[in-house]
Amino acid sequence: MKLRLACVGLILAWTSTACQTENAYTGEKGVSDATIGAVAGAAAGAVLGNQVKGNKNTRQNARLIGAAAGAAAGAGIGNYMDKQEATLREKLKSSGVSVTRQGDQIILNMPGNVTFETGKAAINPGFNNVLVSVADVIKEYKDTNVEISGHTDNRGNQQANQILSEQRAQAVAAFMRKSGVADKRLKAVGYGPNQPVADNSTPDGQAANRRVEIFLTPQGK
Numbered sequence: 186m187k188l189r190l191a192c193v194g195l196i197l198a199w200t201s202t203a204c205q206t207e208n209a210y211t212g213e214k215g216v217s218d219a220t221i222g223a224v225a226g227a228a229a230g231a232v233l234g235n236q237v238k239g240n241k242n243t244r245q246n247a248r249l250i251g252a253a254a255g256a257a258a259g260a261g262i263g264n265y266m267d268k269q270e271a272t273l274r275e276k277l278k279s280s281g282v283s284v285t286r287q288g289d290q291i292i293l294n295m296p297g298n299v300t301f302e303t304g305k306a307a308i309n310p311g312f313n314n315v316l317v318s319v320a321d322v323i324k325e326y327k328d329t330n331v332e333i334s335g336h337t338d339n340r341g342n343q344q345a346n347q348i349l350s351e352q353r354a355q356a357v358a359a360f361m362r363k364s365g366v367a368d369k370r371l372k373a374v375g376y377g378p379n380q381p382v383a384d385n386s387t388p389d390g391q392a393a394n395r396r397v398e399i400f401l402t403p404q405g406k
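Number 192 in the numbering used here belongs to position 7 of the sequence shown; there are no gaps in the numbering.
Below, simulated DMTMM-like cross-link-like pairs (lysine to aspartate or glutamate); rule was C-alpha separation at most 25 angstroms, straight line:
| # | residue 1 | residue 2 |
| --- | --- | --- |
| 1 | Lys-369 | Glu-351 |
| 2 | Lys-268 | Asp-328 |
| 3 | Lys-268 | Glu-325 |
| 4 | Lys-305 | Asp-389 |
| 5 | Lys-305 | Asp-384 |
| 6 | Lys-363 | Glu-351 |
| 7 | Lys-268 | Glu-398 |
| 8 | Lys-276 | Asp-368 |
| 9 | Lys-363 | Glu-302 |
| 10 | Lys-324 | Glu-275 |
Just so you know, these hints were derived from the structure itself, not from any lab. Predicted model, so just to flag it, every value in this text is computed and none were measured.
Using the sequences and the hints, build the whole thing.
This is how it looks when you write it as structure tokens:
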């Protein structure tokens with residue numbers, strides 16, 4: 186009985202910690218990803234605990250222990266990414282870089298017209314300070330992997346677009362490496378025009394598709 190109460194208490198503690206967060210851009214409040222991670226982890230842990238053989242009490246205790254362990258792990262990852270997201274939002278205000286959260290993943294979107302000159306892979310010198318800020322946060326939060334992806338619109342030669350997208354991703358990765366981010370954490374890929382986020386039939390859509398994105402993902406995921 187004491188074991189069950191202790192496990193339930195741990196689950197409640199993890200899922201209630203920082204239940205609400207505030208979006209630094211909109212001021213809107215919502216459920217934190219740490220809480221979502223704790224709930225998901227508890228569910229996964231309970232499922233694993235259910236696989237334990239034994240009588241009814243043994244299985245029930247195993248489910249509770251699994252749920253408590255899962256909640257702790259899920260909340261820990263979610264809280265870690267919550268803090269990293271908040272730091273990035275603060276440092277990147279008015280930079281032209283958007284910060285998006287999808288589960289435990291953080292996505293930084295860097296518009297091509299801000300980051301690079303048209304048709305070139307050399308980073309605009311005026312954007313260096315922004316990338317330094319990004320690199321500083323990535324170095325602070327060492328338990329995330331960094332994937333940098335380059336994208337273009339669909340105008341012009343498709344092979345040239347593919348090469349340009351790869352070169353731009355590699356340029357950002359090289360900047361991160363030079364700024365002290367460990368090479369083993371970095372991955373650079375180019376997708377050319379193959380992953381549009383907007384309609385290429387309009388100038389605004391084309392501009393939105395010309396971008397570099399940085400995906401920050403917890404290690405082990």
